[in-house]
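Chains as they are written, first to last, in numbering that gives the first Met the number 0: chain A, 0 to 232; chain B, 0 to 361.
Honestly, the hints are just simulated from the structure, not real lab data. Keep in mind that the hints are not guaranteed to be accurate.
A few chain B residues that face chain A, going by a derived Cβ cut-off under 8 angstroms, partial list only [claimed, not checked]:
# : residue
1 : E54
2 : W55
3 : D222
4 : I256
Straight-line Cα separation of at most 27 angstroms, DSSO-like style, residue types lysine-lysine; simulated pairs [said to hold, decoys possible]:
#  : chain 1 : residue 1 : chain 2 : residue 2
5  : B       : K303      : B       : K57
6  : B       : K3        : B       : K176
7  : B       : K3        : B       : K60
8  : A       : K217      : B       : K161
9  : B       : K176      : B       : K157
10 : B       : K176      : A       : K217
11 : B       : K127      : A       : K217
Counterexamples of contact, computed for chain B against chain A with all Cβ distances above 10 angstroms [said to hold, decoys possible]:
#  : residue
12 : K3
13 : Q31
14 : G42
15 : Q45
16 : E73
17 : K106
18 : R120
19 : A124
20 : N137
21 : D162
22 : E285
23 : Q291
24 : Y321
25 : P326
26 : Q330
All C-beta atoms, glycine included, are put in the ideal place defined by N, C-alpha and C.
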Amino acid sequence: MTLRDSVWQALGTVLDPELDEPITDLDFVASCTVSGDGHGGSVADVRLRLPTFFCAPNFSFLMVADAYDAVAAVPGVTRAEITLTDHHASDEINRGIAAHAGFVEVFEGEAETDLAGLRRYFLEKSVIAGQDRVARPLVDAGVGPEELAELTLGSAPASPALDRLRQRRAALGLPDDDDAPLLIHADGSRVSSAQVPLHLRRARLTRLGIETNGEFCKSFLASRYAGAAGTGW
Amino acid sequence: MYEKDGEKYFIVDSHMHFWDASRDNWVEGREQYAKGWIDCFYGYHQLAPPTTHWEWDKYLKVSADDLMRDVFEEGHVDKAIFQSTYLKYWYKNGFNTTEQNAAMLDKHPDKFIVNGRWDPRDGDAGLKQLEEDAARWNLKGVKLYTAEWHENGSRGWKLTDKDSYRFLEKCRELGIKNIHAHKGPTIWPLNKDGFAVEDVDQAATDFPDLNFIVEHAGIPRIDDFAYIAVQEPNVYAGCSVVVGALMHARPKFFARIMGELLFWVGEDRMTFGSDYNIWTPRWQVEGLVDWQMPDDEAFSDYPKLTTATKKKILGLNAARLYDIEVPAECQLPAAGEIPAQREPEQPGEQLVTGAAGAGTTA
């Protein structure tokens with residue numbers, strides 16, 4: 000694997016917090032290059048772009064900061080330069096990331112709370128939506144509420160959706176081991192078989208909200224950057 | 000009025016605009032915001048059928064004649080409700096002010112209803128302005144923009160803010176009973192979460208005699224919104240953007256969103272809005288009348304729409320909110336004249352009763 004491959008892979012761990020998808024899949028990476036720093040090390044230069052000029056700066060900040068952390072941690076990268084382009088808060092965010100400042104410092108006098116709570120809010124959404132992603136094919140195949148309530152992460156069919164669900168649950172400190180129930184409430188407690196139908200009905204709605212928003216973002220990005228392909232491969 | 004297959008639909012466009020994003024109106028030094036804003040809207044415009052697309056320059060500002068043709072002559076709309084959006088931070092005379100809308104009302108008093116606005120951060124001066132506006136235009140509704148920036152440096156507010164309650168009380172006193180809150184896709188809020196919907200919950204509980212129409216159905220927080228709507232009988236789903244952005248461009252998502260809104264909110268509390276000038280109403284009205292929940296297995300637990308459902312969403316619900324007289328030929332048959340077409344259970348009732356054990360709220 001080349002160093003650029005490694006950088007790309009690192010970027011693939013960075014999520015749009017609201018859409019719960021990697022920025023690489025969303026085509027938010029406008030360019031990604033690696034070059035020598037003249038002292039035997041390597042500079043990774045990454046430019047990010049978003050669907051609209053007014054995409055919420057809090058989410059934008061999180062993505063740029065996460066991209067910086069992910070890329071800077073790649074072995075062999077001695078300097079990470081992450082730049083957000085074409086955004087109403089590009090200047091503030093880019094300056095802040097370069098200075099390793101937090102969100103509240105960057106938007107001094109404007110933002111009052113830091114972003115951990117916001118990130119958690121969306122992770123919780125992801126854990127609810129993820130249960131629908133994993134369970135829906137089983138429901139469609141005729142698996143009933145009692146079986147679903149008994150199903151564990153270890154016994155659910157392997158899928159990318161299951162992997163993603165486990166990662167998000169781990170990030171929140173919710174049970175993610177093989178014996179943990181697939182269907183859980185927000186506090187991690189087991190969903191009873193009687194609760195399964197409405198639980199899944201709610202999970203489906205949460206997923207729909209996230210995915211509908213994702214559709215908007217993808218279409219806006221496509222029309223904004225029509226003819227200017229990103230760097231996806 | 001729109002007539003199809005012998006059925007007559009009274010159309011209330013309950014959420015539309017008449018904006019001025021022309022270059023002359025851009026605030027010097029803030030041009031990038033003014034352009035960025037209309038560019039965002041132009042992105043939404045692309046989600047309509049291509050035959051209805053406008054050039055970007057036309058999109059900046061349409062003429063009064065364009066509006067009358069698009070909305071009433073071609074768009075089938077009987078009554079249109081103007082919602083204002085000020086954005087004076089980067090549009091000199093405002094993007095779409097009550098005054099701009101009222102100029103149209105003066106010329107066509109039978110066609111329009113003009114809604115006002117307020118911002119709790121304007122304090123006593125704002126209250127006084129609201130009183131004047133209410134007297135001048137006989138306001139029955141307001142449009143609120145909780146994520147709007149303010150010259151005082153604030154980047155948003157909540158319906159539950161103390162000052163906001165002073166304005167809601169003033170609305171009550173002035174007979175302004177329809178509170179349209181913009182809770183839509185997250186463009187632009189700087190602070191934590193300008194379009195979070197939780198504040199609607201508390202405000203709707205504390206002001207049960209006011210109606211809260213959540214424009215754009217809270218997407219992407221549609222789940223949070225739906226659970227609030229189940230519990231608060233005075234909360235409505237404003238379907239602007241839902242129809243315009245999804246019906247043509249993302250039909251399966253549209254079907255799901257409609258199915259969920261019908262389940263959680265119900266057909267009596269959904270209102271149509273074209274969101275003109277983002278989109279024109281004609282294709283939306285005609286499309287919705289022709290539309291039906293797909294037959295695929297994936298949509299099997301969503302309700303089918305009846306003609307009555309469509310009549311309610313397209314006009315009768317909003318006519319009720321705004322006391323708009325509906326011609327007899329467009330009204331629904333009185334109860335008892337049509338057989339019941341749906342289970343009597345209220346939408347999402349199990350959630351309220353806990354019968355199905357909904358667990359904790361997300």
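Hints, one by one, checked against the model:
| no. | hint | verdict |
| --- | --- | --- |
| 1 | E54 | violated (14 angstroms) |
| 2 | W55 | violated (11 angstroms) |
| 3 | D222 | holds (4 angstroms) |
| 4 | I256 | holds (6 angstroms) |
| 5 | K303(B) / K57(B) | violated (38 angstroms) |
| 6 | K3(B) / K176(B) | violated (33 angstroms) |
| 7 | K3(B) / K60(B) | violated (32 angstroms) |
| 8 | K217(A) / K161(B) | violated (38 angstroms) |
| 9 | K176(B) / K157(B) | holds (18 angstroms) |
| 10 | K176(B) / K217(A) | violated (37 angstroms) |
| 11 | K127(B) / K217(A) | violated (44 angstroms) |
| 12 | K3 | holds (28 angstroms) |
| 13 | Q31 | violated (7 angstroms) |
| 14 | G42 | violated (4 angstroms) |
| 15 | Q45 | violated (5 angstroms) |
| 16 | E73 | holds (25 angstroms) |
| 17 | K106 | holds (33 angstroms) |
| 18 | R120 | holds (14 angstroms) |
| 19 | A124 | holds (23 angstroms) |
| 20 | N137 | holds (34 angstroms) |
| 21 | D162 | holds (17 angstroms) |
| 22 | E285 | holds (22 angstroms) |
| 23 | Q291 | holds (19 angstroms) |
| 24 | Y321 | holds (28 angstroms) |
| 25 | P326 | holds (36 angstroms) |
| 26 | Q330 | holds (33 angstroms) |
This entry does not satisfy hints 1, 2, 5, 6, 7, 8, 10, 11, 13, 14 and 15, going by the numbered hints stated previously.
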